Amino acid sequence: MTWSYFIYFAIVAVLLWTFGALSAWKEKVRGAYLFTAGGLLVFFSFIIGMWITLEHPPLRTMGETRLWYSAFLPLVGLIVYARWNYKWILSFSTVLSTVFICVNIFRPEIHSKTLMPALQSPWFAPHVIVYMFAYALLGAATLMAVYSLAKRPKSHTASSSGTAHRSLMSSIDDLVRVGLAFLTFGMLFGALWAKEAWGHYWSWDPKETWAAITWFGYLVYIHYRQMPTHRRRIALWMLILCFVLLQVCWWGINYLPAAQGMSVHTYG
Amino acid sequence: MKEGFAIGGGLLAIGLLLQLTLGAIRWYAFAWPVNLIVLTAFLLFIVVATFLRNNNYPFHFLTTHRAAVPALVYAAALTIIMGLTRQSEGGSWFHDMLAFWPFALIYVYIAFLLALISFRRLSHMLRHDKRHHKGTHRNWLRDISFLLNHVGLFLVLVCASLGSPDIQRLRMVATIGQPESRAFNEEQLVKSIPMTIELKRFILETYDDGSPRRFASEIEVLVDKKKRVMATVDVNHPAKIQGWKIYQYGYDTSKGADSQISILELIHDPWLPYVYTGIYMMLAGALLLFLQRSYSSRGLTEEEYRKRLKAKDARKAEKAKKQKEFFSTDKTEHHKHHSHHSGSSEHSGHSGSSDHSGHSGHSDSDDPLPPHFHVEH
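The listed protein sequences derive, respectively, from chains A and B. By this note's numbering, the letter at position 66 of the first sequence is numbered 66, and the numbering carries on one by one without gaps. By this note's numbering, the letter at position 102 of the second sequence is numbered 102, and the numbering carries on one by one without gaps.
Calculated directly from the structure, the hints in this document are not laboratory data. Don't take every hint at face value.
What the hints assert, rightly or not - Facing chain B, according to a computed beta carbon distance under 8 Å, are these residues of chain A, among others:
id: 1; residue: 40
id: 2; residue: 120
id: 3; residue: 178
id: 4; residue: 206
These figures come from a predicted structure and were not determined experimentally. Think of the CB as a built atom: it goes at the ideal place given N, C-alpha and C, for glycine as much as any other residue.
Can you build the whole structure from these sequences, using the hints too?
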C-alpha cells in the first residue's frame with residue numbers, strides 16, 4: 001500500500017459516510033449504521049495497509065495524524081449517534097473528516113516531513129485527536145447558541161417557542177458536557193505526555209495557560225446553567241465568548257506578542 | 001451571586017495588600033515539611049468548615065453555585081491576564097503570575113470550595129443510603145462522576161502547588177567512560193544524588209535532511225554504590241531509577257553522532273503520585289461525564305424534567321402535610337416552629353427528594369426550598 005492509493009479509498013469512504021449521514025437525517029437508523037461502518041472499514045483498511053508497508057503505525061507526521069483524525073471523527077460520530085440519536089452528528093463528522101482528507105490530498109508533501117523526537121510519543125495522536133473532537137463539538141454548540149440568540153421568541157406564541165428554546169438548550173448542554181469531557185481528556189493526556197517528554201506535567205506554557213482558560217470558561221457555563229436563577233441569553237453569550245477563548249488557544253496564541261517564542265506548541 | 005463576586009473581590013484586595021507588604025510569593029519557603037504543615041492546617045480548616053456548614057450561612061453559601069460561578073470567573077480572568085502578559089520567573093506582578101498573591105488566593109479559594117462541595121455531596125450520598133427513601137433513588141453514576149471530578153481537581157491543584165518547592169530538577173553532563181555523580185540545579189549549584197551515571201554509548205539517528213530523528217543514551221547507573229542498572233534514555237522515554245526520572249536533554253551538537261557527552265536531566269518529584277491520583281480521577285470523571293444520560297435522551301427537555309420532579313415533590317409535601325394535620329392538635333404552633341427551621345438543617349430530612357430537583361448535578365442548595373413540612377421518617 002502506498003500513498004498514491006489514498007485518494008481512491010478516501011473517495012469511497014467519504015461517499016459511504018455521506019450516505020450514512022443522509023440516512024440519519026431521514027431517520028433510517030440501519031442505513032446510518034451500515035453506511036458509516038462500511039466507510040470506516042474502507043478507511044481503516046487503508047491505514048492498516050500503510051501500517052504494514054511502513055512497518056510502524058503511520059503516526060509520525062502531522063499528515064499521518066490527520067489521517068487518523070479523519071478516520072476517528074466518523075467513528076466517534078457513530079458512537080455519539082448510537083448513544084444520543086442526534087441525527088445531525090454524522091453529517092457534522094463527515095464534513096469535518098472530508099475537510100481533513102482534502103488537506104491530506106492537496107498537501108501530500110507533509111507526509112515526508114520529519115518529526116522531532118519529542119513529538120514521537122504514543123500520546124501525540126490521542127492528545128490531538130480528542131482535542132480536535134472537543135473543538136468540533138464545542139463549535140457545534142456555539143453555532144446552536146448563535147442560532148438560538150438570533151431567533152427571538154414572538155410574543156403571541158411565547159409558550160411554544162419557549163419549549164423549542166428549551167429543547168435547543170438541552171441539546172447545547174449535552175454538546176458542551178461531552179465537549180468538556182473531551183477537553184479534559186485532551187488536557188490531561190497532554191499533561192501525562194509532558195511529564196514523559198519535557199519532565200513536568202504542567203509548565204504554564206502559553207498553550208497550556210490558554211487551555212486552562214478555555215476549560216475554566218466552559219466550567220463557568222456548566223455551573224451557571226445549573227443555577228435556577230440563570231438567564232438563558234447570558235448563558236448563550238458565555239458560550240460565544242468561550243469559543244473565542246478556544247480560538248485563541250487553538251491558533252490565536254501564534255499571534256499573541258506575550259506568547260512569541262515561549263511555547264513548545266509551535267508547529268513548523 | 002453578588003456575594004460570590006464580593007468574596008472574590010475581597011480576596012483580590014487581600015492578595016494585593018500581601019503583594020505590597022510581603023512582595024511576591026516565595027514558593028521555596030513552602031518546601032518540606034512546611035507544605036505538609038500547611039496542608040494539614042488547610043484540611044483541618046476544611047473539616048471544621050464542613051461541620052459548621054449546616055448552621056452557618058457563609059459556609060453553606062460556599063457550597064452553592066452562587067459561590068462557584070464567581071470563583072471560576074475570577075480564576076478565568078486572572079489566567080487570561082497571565083495568558084496576555086509575558087511570564088518570567090522573578091517578574092513583577094502580572095509578569096510572574098504564579099508568585100502573584102491574588103492569583104494564588106483565588107486558586108486556594110477554588111480548592112476550598114471543591115473540598116466543601118465534595119464533603120457535602122458525600123454526606124448526602126451516605127445519608128441517603130442510610131434512610132432508604134421510598135420511591136426515590138439517587139443517581140449514583142452522577143454522584144461518582146461529581147466526586148471524581150471535584151476531588152480529582154482538588155488533589156491536582158493542592159498537591160501540584162504545595163509540592164512544587166519539593167521538585168528537584170538537575171542537569172548532568174555524562175561523558176563516555178567517566179562515571180559521574182555531580183548534578184547541577186538551576187543556580188548551577190552541585191547537588192548530591194543517590195547514584196552514579198556512566199554514559200556507555202550515545203545514539204543519534206537523523207532524517208535525510210540531517211535533522212535528528214532520534215537521540216538516546218545508553219547508560220549504566222550505580223545505585224547507592226551497590227546495584228548496577230543498565231538503561232536506555234530516549235526522548236519521551238525517561239528511565240526511572242530510585243524515585244528519579246532520567247531524561248535525555250541534549251548532546252554536543254557540534255559533534256553530532258560522534259558526541260562524547262550526553263546532557264541528562266534528573267527529576268525527583270515526591271508529590272507526583274498524589275497529583276497523578278488526581279489526574280486519573282479527573283480522567284475517570286470525564287469519562288463518566290461523557291457517559292451520563294442527558295435529558296434529551298429521555299425525550300424530555302430539562303424544564304419538563306424539572307417540572308416532573310417538582311410535581312413529585314409537591315405530592316410528597318402534600319401527603320406529609322396531611323399526615324401532620326392528622327397528628328397535630330395545634331397546627332399554627334407547629335407550622336411556625338418548622339418554617340423557622342426550613343433552612344439548611346431542615347433540609348436534611350428531605351435530602352433525597354430535594355436532590356432530585358437538582359438533576360443536572362447538585363443545584364438543590366440553590367433552589368429556594370419549598371415551604372414543606374418536617375416529617376420524621
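Minimum beta-carbon distance criterion (8 Å), residue 206(A) to chain B: holds, 6 Å
Hint check: 8 Å Cβ-Cβ cutoff, residue 40(A) to chain B: The hint is violated - residue 40(A) has no Cβ within 8 Å of chain B, the shortest such distance being about 20 Å.
Per-residue hint verdict: residue 120(A), partner chain B, C-beta under 8 Å: holds, 6 Å
Hint check: 8 Å Cβ-Cβ cutoff, residue 178(A) to chain B: This interface hint holds because 6 Å falls under the 8 Å limit.
Hint compliance for this structure: hint 1 alone is broken.
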